[in-house]
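Engineer: Kindly generate the complete structure, drawing on both the sequences and the hints.
This is what each chain is made of:
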Amino acid sequence: MNQGTRRMTVEEMVELNNERRLQLNEENRKYYEEMLVYLRMSPVEQRKVEELLLEMLDHLLIAQREGRTAQDVFGDDPESYCKEVIQTLDRQPLFHFPRFAFIFSTVLYVGFLLDALFRLTVYPLLNRFYGVPVPEGFKADWFVIAALGPLLIEGMMFFMRKTTFKGIGAKFGWILLLQVISVGGFLLWHLIIKDAVPMLPIPAWMSLGIGAALWLVHRLVFNGVFKHVEIF
Amino acid sequence: MEGCILAVMRQEEIYGYELSVRLSEYGLTFVSEGSIYPVLLRLQKENLIVGKLKESPSGPPRKYYRLTEEGHQALDVFRREWMELKAAVDRILQQGEDGR
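Chains as they are written, first to last, in our numbering: chain A, 1 to 232; chain B, 1 to 100.
Hint data in this document are derived by calculation from the structure and do not stem from the laboratory.
Predicted, not measured: the structure shown is a model, and the values here were computed from it.
There's no promise every hint is true.
Straight-line C-alpha distance at most 30 Å; calculated DSS-like pairs for lysine-lysine [as the list claims (entries may be wrong)]:
{"no.": "1", "chain 1": "A", "residue 1": "LYS83", "chain 2": "B", "residue 2": "LYS54"}
{"no.": "2", "chain 1": "B", "residue 1": "LYS63", "chain 2": "B", "residue 2": "LYS52"}
{"no.": "3", "chain 1": "B", "residue 1": "LYS63", "chain 2": "A", "residue 2": "LYS48"}
{"no.": "4", "chain 1": "B", "residue 1": "LYS86", "chain 2": "A", "residue 2": "LYS83"}
{"no.": "5", "chain 1": "B", "residue 1": "LYS54", "chain 2": "A", "residue 2": "LYS30"}
{"no.": "6", "chain 1": "A", "residue 1": "LYS171", "chain 2": "A", "residue 2": "LYS48"}
Structural biologist: Here is the structure:
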């Protein structure tokens, strides 16, 4: 099919960007890639971001051939520039439905499959050598993680944005804060919430069956029926 | 700046870099090159222009922009308002000259 009449997919745009970006010199690439990370880590429609990134890259490559730098083209304050761009593009709602459904079902089928895998292989070994008891069901906390998935991903994206355009000191500070929050969250979960979460009393092979079925449905929905819905 | 971009697009389908060159050819050099992109996004959001990524005759796929029906109307409004403003400013300046 002629590419001129066909709409490029997001994957094709990312690939084209990867190829063309190699033509940037070191200084321009550093500047451009910071913008790229910032924009890709922002909660806006991915297709619009990739289109814009290609446009900006095209512009920068031509400018570079004419002896101008990224700073000449996009200014001294790329962070403000990117913020302006993001404000203009519509922010996607945190629980934008297709994305929520995609993350929710992914976490759940991975959860069931991992549960089956652990209860069928790792736990029996641990039990045999160290006397660790094999869990008798599926921990329902996977449902909570699945439901909070978009929030967790958006949180990660927030931290990724915060570490771009920054000096090494500020980067380190944000990463440290992320570590503190992660460890704090884990401890809170482990010491307080964990025991309050119920266990679904199902055998491991049933977890395996449910996981496989969910995976199949997920594939059918997102690669088949709703193939053309923009998820991210 | 919005009005000028609309006016350039009325003449031809154009992509980002070409647009910035055209604007500076017309003497709008105070516009930093990159600042056209937020404006282009805003104009698309307001449905005054549409952009379409397509194969370009010389080089990689590029996003070409053109005016929508609403864009044509907005350009007419801009032109009228600009003419009125220009006439008013001319009169004020003229009076300043005469009064000296």
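Engineer: It remains to establish, for every hint, whether it holds in the given structure.
Structural biologist: Each hint, compared with the structure:
no., hint, in the structure
1, A:LYS83 - B:LYS54, "holds (27 Å)"
2, B:LYS63 - B:LYS52, "holds (5 Å)"
3, B:LYS63 - A:LYS48, "holds (11 Å)"
4, B:LYS86 - A:LYS83, "violated (34 Å)"
5, B:LYS54 - A:LYS30, "holds (27 Å)"
6, A:LYS171 - A:LYS48, "holds (27 Å)"
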